[in-house]
Amino acid sequence: MTDVKNLFAPTRRTVMLGATALLATPAILRAQSAPITFGTLTPLTGVGGTYGPSMRDAAANVFTAVNEAGGLLGQEIDLVSEDTQTNPEAAVRAVRKLIDVDGVSVVIGTWASSITTAVAPLCWENGVMLFTVSGADSITQLPHMGYIARTQPNSVLQIEVAGDFMLRQESTGMAWIGPQTPFAQSSIDILAGQAEGAGIGMESLIYEADKSTYRSEVDTILRSNPDFIMLGGYAADSTVVLRDIWQAGYEGRIIGPAYAVNPTVLEALPAEVTEGVFTWEGAPDVGSSAYANVQASLGVEEVDPYSAQTYDHATMAVLAAAAAGDASGMAIRDALRTISQGEGDAVSDAIAGLEVLAGGGAVNYSGASGPCDFDEIGDITGTQFLFRQISGGTPSDFERV
Amino acid sequence: MLDLLPQFLVNGIITGALLAVPAIGFTAIFAVLRFPNFAVASHATVGAFAGFVANVTFGLPAIPSLMFAFLIAGLVGLVSDEIALKPLRRYGALTTAIASIALTIVLENVVRFFFGNDLRGYDLPLVRDIRFGDIRVNPQQLENMALAVVIMIAVFAALKFTRMGKAMRAVADNPGLADLKGIDAVMVGRVVAFVGMGLVGVGGMLFGLGTSIDPLTGFRFILPIFAAAVVGGLGSIPGAVLGAMVVGIGEEMSALVLEPAYKSAVGFFAIVLVLTFRPRGLLGERAY
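As given, the protein sequences belong to chains A and B, one line each in that order.
With my numbering, letter number 362 in the first sequence gets 592, and the count goes up by one each step, no holes.
With my numbering, letter number 84 in the second sequence gets 90, and the count goes up by one each step, no holes.
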């Protein structure tokens, strides 16, 4: 008679088999049932709230279209959207949820540089690909192992281009005023260097964000009698600064980034306050078919640069995963430059790109924000800039460089 | 830099006067209900947006719009206190204060739900500053400051001469004794929640008149309001006015010695200094 006790006694072989089965089970289950999960992390609220919802929608529409066309690698793409609240602490909580709970392999659309700087280490440590629209040059200098790609020109390039513009407009005294951001000091240094090269004066002041008045700061900056002031903040504080500068009786010229002197600021301020103010931005490729795709999917006439970029992020994530045959963050990182640049067929949307890839071909994606070619640290190359001037509360194109 | 000192002083007095209005509301609520109601942040926002609706949607001038802001922020303050905070008061001031932080997040998002995140400006003509020698002042600022002073005088008069004002002071000074005298502390608490948050709402709109508003408008003032009340003496209404002046002038004058990026440090520094050397605040905690 068999000993009942011995029947259930674990042997080395049964323990090994059991452990192996246990370890293998979740992986098998994942492979069979889990859809591909991508995340957006845009500023739905806070000072970036003007752009975040549209940025999310631009990316979501790409995934919806791909799902309707049969999905990616035979699976549905699940999209999880979180809000950064334009606040680094909230953004870190949100990205933790995206990575730890939702298991995303891609995070799309971080906007403010302080937020990208805060969430980037969590992404690269967890092998998650981060597509961003932030400009601070310090971001791509982080040890990100290729897990960061940004479609926004970096702040060095942005400030150099704007500083050149100020000098072309024959400025005789420049000033920079803005809040504490990861690009504040580098902006001041670049502008100071350009002013020194041109033999003119340059004054700067870093103020505290989120104050209701900057009268004393404006008094301080106007002591040097600048004739061209560059704004370095975001929309909420730039509204206050513009009003305070105007009330102080300043008659010189002002230039601000287009995300700071944006349509909501123009709406909130009387036209005389913004009269003659210049804006500049990394311009979307308005003539591209990808730009037309975003126009159609969002149902808008003019696509803001950030929504154009998140459309590109989503499309590149899909194409890179398809090219790699794997939707993990590492696979997308490794395959990114094979679909964004090179000798492949030029494509401007995910569906067309997937068809080429399925046929064994190679693709070179050209996006709504520009050619989407990346250098070795993840910075975009080959961007256009658009300068505009505001008149009667409406911006009109001034110069494209 | 010292040549800017008189200008910074004027800027500080104007900021201080505006800060005093919500600080009075905050400290009055503390005096009677005995907890720091951090929901002042969202009530300032509610007041600013109520004033915006009155001014831009209904086309009312500034002063009726301020009255509308007072009414709506006061009503929201009363209702939210009854629903969210009053049931928690018996668990202690800390519990209620934490609940008030949650309440402020809820209300801020309610405003965001209806109005979105966009910046909005009041429909008031913008004028350039007037110069008195080297000092410049904006007529709108002078008007706002005058309104703030009138509101402060009205609050002081109400506390001194009206029956409800005396009842409020009595409950603030000694709730037990006030109860023995037959004063209905619950009703006084409701009036204080209404008037206190109404004043905070007016403060939110007064700040908005000089700038523009968004759902985070009130959140930006929470530290200076709290600092003003603590510096003056939590629960003391004249103390709130004095504290607001100290914080307002201190923040503006700090530009002489500190980088402007550290302006908020003045509020924290004032709180630390007062709590260290005079924990009851400059004027103690007597309500009036």
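Rather than coming from a laboratory, the hints here were simulated on the basis of the structure.
There may be inaccurate statements among the hints.
A few chain A residues that face chain B, going by a derived Cβ cut-off under 8 Å, partial list only [unchecked claim]:
| no. | residue |
| --- | --- |
| 1 | Gln-410 |
| 2 | Tyr-437 |
| 3 | Glu-438 |
| 4 | Asp-449 |
| 5 | Thr-450 |
| 6 | Leu-452 |
| 7 | Ala-466 |
| 8 | Thr-469 |
| 9 | Gly-479 |
| 10 | Leu-499 |
| 11 | Ala-526 |
| 12 | Val-530 |
Keep in mind that this is a model prediction, so the values were computed, not measured.
Where a beta carbon is used, it is the ideal one built from N, C-alpha and C, also for glycine.
Now the hints, each set against the structure:
1. Gln-410: 5 Å, holds
2. Tyr-437: 4 Å, holds
3. Glu-438: Holds: closest Cβ of chain B sits about 5 Å from Glu-438 of chain A, inside 8 Å.
4. Asp-449: 6 Å, holds
5. Thr-450: Holds, because the Cβ-Cβ distance from Thr-450 of chain A to chain B comes to roughly 6 Å (cut-off 8 Å).
6. Leu-452: 10 Å, violated
7. Ala-466: Hint on Ala-466 of chain A: holds, closest Cβ of chain B at ~6 Å, below 8 Å.
8. Thr-469: 5 Å, holds
9. Gly-479: Since the shortest Cβ distance to chain B is 6 Å, the answer is holds.
10. Leu-499: 6 Å, holds
11. Ala-526: Violated - the Cβ of Ala-526 of chain A stays beyond 8 Å from chain B, reaching only about 24 Å at its closest.
12. Val-530: 16 Å, violated
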